[in-house]
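> Start from the sequences, fold in the hints, and give me the full structure.
Protein chains in written order, with the working numbering: chain A, 1 to 539; chain B, 1 to 171; chain C, 1 to 371.
Mixed in with the good hints, there may be bad ones.
Stated by the list, open to error - In silico DSS-like cross-links for lysine-lysine, where the CA-CA straight-line distance does not exceed 27 Å:
id, chain 1, residue 1, chain 2, residue 2
1, B, Lys54, C, Lys52
2, B, Lys152, A, Lys132
3, A, Lys162, A, Lys134
4, B, Lys35, C, Lys52
5, A, Lys5, A, Lys132
Note that these hints are calculated values from the structure, not bench results.
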Amino acid sequence: MPTLKIDGREVTVERGTTILDAARKVGIDIPTFCYHPGLTKPANCRMCLVDTNKAPKPTPACYAECMDDMEVSTQSPEIVKTRKAVLEFILLNHPVDCPICDQAGECVLQDHYFKYSATPSRLAHKKVHKPKVKRLGPDVVLDAERCILCTRCIRFCDEVAKETQLEIVNRGEHSEITTFPGKQLDNPYAGNTVDICPVGALTSVDFRFRTRVWMLQSSDGVCPECSRGCKTRTDVFENVPRRTKPLHNPRVNDWWMCDEGRLAYRDYQALPRMEGPAAQVEGKRRVVTNVEAIEAAALELGAVAQRQKIGVVATPWFTNEDAWLVAELLRGPLAGARIYLGGRADGTADEILRMADKNPNRAGVEAIFEAAGLKAAPLSALDTAGLEALLVFGDQHALDEAGLEKLERVPRRVVVSAFQTPLWKMATTFLPARTHFEKVGTFTNFEGMVQRLEQAVNAAASCKSYGYYAMKLAELMGHTISFVRPEDVFAEVARTVPGFAGMTWQGLAPYGMKLGEGVAPAEPPTLPQAAPPAAPTEA
Amino acid sequence: MATVTVRRRELDFWEKTYVKEVGRGLAITFRQLTKNLLTREDVATREYPEVRRKYPERFRGRHRLMRREDGTVRCVACMLCSTACPANCIHIVAGEHDDDRVEKYPVSFEIDLLVCIYCGFCEEACPCDAIRMDSGKHPLPSFTRDMQRIRKHQLLEEGGLSVAEQGGRSK
Amino acid sequence: MLMVILAALLKFAAIVLGFVMVLATLLTLIERKQSALMQNRTGPNRAFVFGKNPLSAFVGQLIADPVKVLLKETFDPPHADTWLHRLAPGLAFIPALLMWVVIPFGPGPVPGAEGDNFFLMADLDAGVLVVFAIASLSVYGSTLGAWASRSAFSLLGGLRTAAQMVSYEVTLGLNLVGIFMIYGSLNLNDIIWAQAGYDAATGFQNAYFLGFIPKWGIITQPFAFIFFLAASIAETKRAPFDLPEAESELAAGYFTEYSSMGFAVFSLGEFIGIVVVAALGATMFLGGWHIPGLPIELTAAGQPVIASLATWLSVAAFLFKVVLLVLLQMTIRWTLPRFRYDQLMHLGWVYLLPLSLANVAITAFVLFLTR
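Right, dumping it as structure tokens:
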């Protein structure tokens with residue numbers, strides 16, 4: 001357990017800890033470019049150089065391990081000058097085209113320049129020109145002039161995506177990132193290289209030039225595209241999601257997410273959104289108000305005296321709160337109904353993040369239904385014979401033509417969904433639902449990790465969550481349950497569902513909790529976490 | 001609240017009849033009437049479309065987009081103007097330029113003149129001398145709101161040549 | 001009888017179409033031009049019809065205004081009483097025209113002589129009373145129009161019109177009482193002859209005070225003239241008494257909801273009202289057609305010679321006096337600011353009415369002493 005002093009502050013760390021981690025532990029911020037906590041350390045950018053009493057020359061803090069009696073200085077005049085020199089060197093051939101650079105506003109080079117250098121270039125010669133728009137792969141474009149050769153992208157492909165696709169060619173100032181001959185940056189995690197690029201060298205074709213980053217409003221969420229449930233951030237401009245970025249969650253996805261999930265937000269914009277509640281008026285389907293549609297749905301379901309003649313299709317796209325409210329409806333007014341659990345069909349899976357189950361909350365829905373004593377059959381076992389009414393939640397169900405036909409044979413069909421699908425077309429009563437961008441709630445991933453979802457986009461007033469409709473239907477059918485906030489529902493989930501016992505809404509931040517963990521809390525994650533940068537102490 | 005009482009002078013009887021002041025008023029208006037009938041010395045009216053006032057050099061009128069020497073638009077769609085715009089009236093859609101030195105250009109550039117407050121922040125913000133408000137022209141009336149959303153080609157029609165050094169020092 | 005009616009109609013047509021309407025039409029433009037010049041502006045100068053000169057613009061504007069008004073949509077406000085709404089401009093317009101029936105615009109027979117005045121449509125012994133009777137009708141046009149418009153602005157304007165016109169009509173009438181007492185008649189023809197110095201007993205002896213000052217109403221009743229002027233401006237609802245149509249408060253007051261011809265008739269009626277009031281003032285206080293020092297040629301029967309130059313000069317003099325008074329009213333309108341409503345009522349009832357009464361009393365007292 002070496003004990004060392006960093007800028008006069010004493011800290012004891014475990015053997016093998018780097019100076020950088022030790023400094024962050026005591027709130028001292030050392031600037032870095034090439035260092036990424038999820039990757040190996042090449043120590044090639046030289047930005048993190050610090051003075052120590054154990055070496056005659058400045059030492060890279062990201063790589064050097066702490067020693068006993070070490071005295072580290074991150075603010076000495078020598079180091080301040082060194083950093084300036086390093087920045088000048090990095091910026092020597094940098095085009096400084098920040099106004100047209102997509103990274104501007106979230107650029108590490110920009111931040112470090114203003115914080116540690118802020119001096120104009122002294123270069124008298126022409127800058128070295130390199131390719132500006134080099135397509136590396138389906139979603140990644142390289143601007144070689146902006147690249148500072150930190151090799152984060154190369155290391156990511158090698159170490160995380162496990163596909164060696166990028167390399168540096170040429171020497172000196174002509175060095176540039178490129179793909180191996182005949183290869184493309186097309187691994188399913190390639191989008192992460194854009195995230196970890198500290199400058200604007202790697203840009204996403206999807207997001208390139210679309211919006212300036214300072215115009216975006218971000219909200220945390222959970223990727224619903226598979227049962228991994230990567231922690232994400234949705235960036236929104238003018239109430240439209242513009243991109244999805246992974247957030248750090250050591251218990252689920254570390255720093256990464258797959259391109260499938262990253263680009264999925266576009267699919268929701270491409271689909272025609274259905275915002276008008278519809279019900280039968282004088283034998284014809286008309287657009288009605290939300291209240292009228294809910295009443296119509298309650299009448300349709302209530303018209304069936306025998307509850308076992310009602311079929312309910314639930315969806316693993318429920319949030320836990322939705323699932324609990326739907327369970328209340330199924331336990332109360334609709335007790336005895338035939339229940340199916342739908343969802344999307346299985347897809348590709350790999351060893352890194354992607355799971356075969358392409359639904360976000362199957363584990364949570366199953367746990368909650370089980371606690372409510374409900375038995376749900378898979379949708380593949382769909383049997384609508386004898387059913388007189390149908391209540392379908394969600395629009396992402398693996399239903400083929402035959403399945404749809406089976407559903408259509410039921411005379412009364414209440415559909416709660418967000419998009420224009422065959423289900424919407426066949427509905428006798430349609431209730432517009434919210435997408436996961438518009439909801440507040442929690443998802444439970446395949447391992448039972450419960451994570452919170454923030455509302456990223458404002459929904460149309462007519463669109464409500466599945467849980468809201470379940471609550472209103474239950475109320476109209478004689479079982480009053482009344483909640484306003486999803487937090488309150490979650491508290492009820494934690495009270496009644498065994499796996500969720502002990503969990504609290506606040507307790508889910510920032511990394512979520514595992515089912516069963518609420519009773520016996522696990523050790524808090526020990527992975528390094530960036531401390532908020534402290535103001536540099538006076539030298 | 002502090003109150004200051006201002007005492008007005010009491011008017012005497014003749015002043016109260018206002019005969020003198022009414023007479024004086026009539027004299028003034030009558031004098032101006034006859035004077036303006038004979039000369040145009042005091043007439044402040046400008047015969048607008050024919051006689052125009054010279055605007056000050058820094059007058060901010062309708063926007064225009066400047067061109068490069070080769071005639072293409074100088075704007076690189078950096079959106080600094082729309083960021084600086086306090087009225088959010090500038091709407092730019094950026095696109096990939098064929099010349100990768102230029103990289104970005106505005107596919108569409110629209111300014112909603114009904115929303116614009118003519119503050120000039122956009123030309124202040126522009127790093128490329130692309131948007132200027134020195135056309136000296138007023139927004140024109142129109143029959144629809146949409147006609148007040150001036151498009152890129154309209155902005156370019158006004159635009160002249162600018163040879164200001166563009167971008168950083170990467171030449 | 002038929003001939004008399006026909007002659008009266010012809011005279012009416014001649015004076016109304018030849019003078020009143022022309023003057024009123026001109027006034028719509030002159031007012032704008034005059035106010036512009038008073039305020040160092042140019043006024044309308046764009047509607048050129050022949051060449052680019054001021055006269056061309058003047059004529060062009062006179063043509064353009066009615067064309068524009070005619071082309072406008074006639075608009076009835078929703079929920080308005082359409083019938084009354086359309087009737088009201090006429091109700092305001094007709095009384096203003098009718099008053100011309102009793103105003104002599106040229107010399108007639110001397111008092112006591114047989115025959116009718118050639119320059120008068122109806123030679124009535126109670127002429128002035130007819131003027132008042134008709135004038136009090138004109139308030140109906142404004143108030144009915146205001147009420148029928150079903151608009152808050154209009155209604156307020158109408159209320160103000162009613163209150164203001166009723167208040168000032170009293171003063172208007174009282175200020176003429178002195179004139180009747182001095183000249184001893186209600187017949188306008190006789191009043192003018194009396195102002196010209198004619199006396200049934202002595203003829204034209206003592207026609208002038210001190211030998212040169214005419215015995216006009218303005219000399220014998222100076223205060224009454226000022227009060228009359230104030231009251232008459234209030235009657236025509238013009239600044240500084242323009243509260244019924246105070247544009248900064250009530251849009252256009254009682255005719256806010258009028259467009260096209262309704263609006264035109266209202267405003268034309270207003271201008272005719274100005275001319276009528278000026279004519280009345282000229283008749284009562286400025287000696288009507290009388291030119292000091294110009295003797296009218298009389299026939300043996302006491303009728304003026306129609307073919308005489310002096311007769312026609314007198315007619316011109318009357319018209320000139322009318323125009324002069326009109327211009328004076330307009331100058332006042334563009335000089336003085338509007339009263340507040342309470343000030344208006346205060347002025348009418350607390351100052352003008354008692355002063356007018358005092359004027360009548362003093363006149364009576366002086367007459368009692370001198371005769």
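> Now, for every hint given, state plainly whether the structure supports it.
How the hints compare with the structure:
1. Restraint check for Lys54 (chain B) and Lys52 (chain C): the C-alpha separation of about 25 Å stays at or below 27 Å, so the hint holds.
2. The hinted pair formed by Lys152 (chain B) and Lys132 (chain A) meets the criterion: a straight-line CA distance of about 26 Å does not exceed 27 Å.
3. Distance restraint check for Lys162 (chain A) and Lys134 (chain A): the Cα-Cα separation of roughly 23 Å lies within the 27 Å cut-off, and the hinted pair is therefore satisfied.
4. Straight-line distance between C-alpha atoms of Lys35 (chain B) and Lys52 (chain C) comes to about 22 Å, which keeps the hinted pair within the 27 Å bound.
5. For the hint pairing Lys5 (chain A) with Lys132 (chain A), the CA-to-CA distance comes to about 45 Å; that exceeds 27 Å, so the pair is violated.
Figure legend: structure checked against the earlier numbered hints; the only hint not met is number 5.
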